[in-house]
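Student: The listed protein sequences derive, respectively, from chains S and G. With the numbering used here, the residue at position 22 of the first sequence is 24, and numbering never jumps. With the numbering used here, the residue at position 20 of the second sequence is 77, and numbering never jumps.
Just so you know, these hints were derived from the structure itself, not from any lab.
Simulated coverage check for chain G against chain S, where a stretch passes if three residues somewhere in it have a Cβ under 8 Å from a Cβ of chain S:
1) 99 to 111
2) 135 to 149
3) 156 to 168
Glycine included, every Cβ here is placed at the ideal spot set by N, Cα and C.
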Amino acid sequence: NAGVTQTPKFQVLKTGQSMTLQCAQDMNHNSMYWYRQDPGMGLRLIYYSASEGTTDKGEVPNGYNVSRLNKREFSLRLESAAPSQTSVYFCASSEQVGELFFGEGSRLTVL
Amino acid sequence: RKEVEQDPGPFNVPEGATVAFNCTYSNSASQSFFWYRQDCRKEPKLLMSVYSSGNEDGRFTAQLNRASQYISLLIRDSKLSDSATYLCVVYANTGGFKTIFGAGTRLFVKA
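Make the full structure from the sequences, and use the hints.
Tutor: Next comes the structure, spelled out in structure tokens:
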């Protein structure tokens, strides 16, 4: 019963460093998402993938890139981390509208 | 104006109390509505969908008022374990992915 698995769970970066957040789901869902959550802001969509082979920008895509590697995996890359990207990142997958299954989150701090 | 607005709370209630949360949305084309629950430092999890006629799941009742563009969540006989943040979620198919999360309402249930 793994569901959605994200790695790493915690990461500290220095400004300008790069990193990739990995996400995998085992529910055979077509759609996958990356959100960030900041205090008082709620969850904001960074990128999503409606199906394997497609990706689209969400509300806050600047500074991020994504790859839908296959149906199971959807990675999020920060090419040059900035302090404004300090946040909790959640990966999610879904098959039905609005019914998202989230990973446990990745806490990123950029110094 | 935010697309989905919630009273951030916190709501502090004693065990056994009835508590209600409201959520307003600005997009009149919104089609689907949900409540999610998020425990402290955990991922959001779907609590219930909200149907046009209203729906109930045990101690939880969700209502939708399309004319006034708000949804509500009523929790009866509050338990300590109900302490969490409740997120209102609205979906609108108006070109591209459009599932918007509210910032959440915090609930503390005390003995």
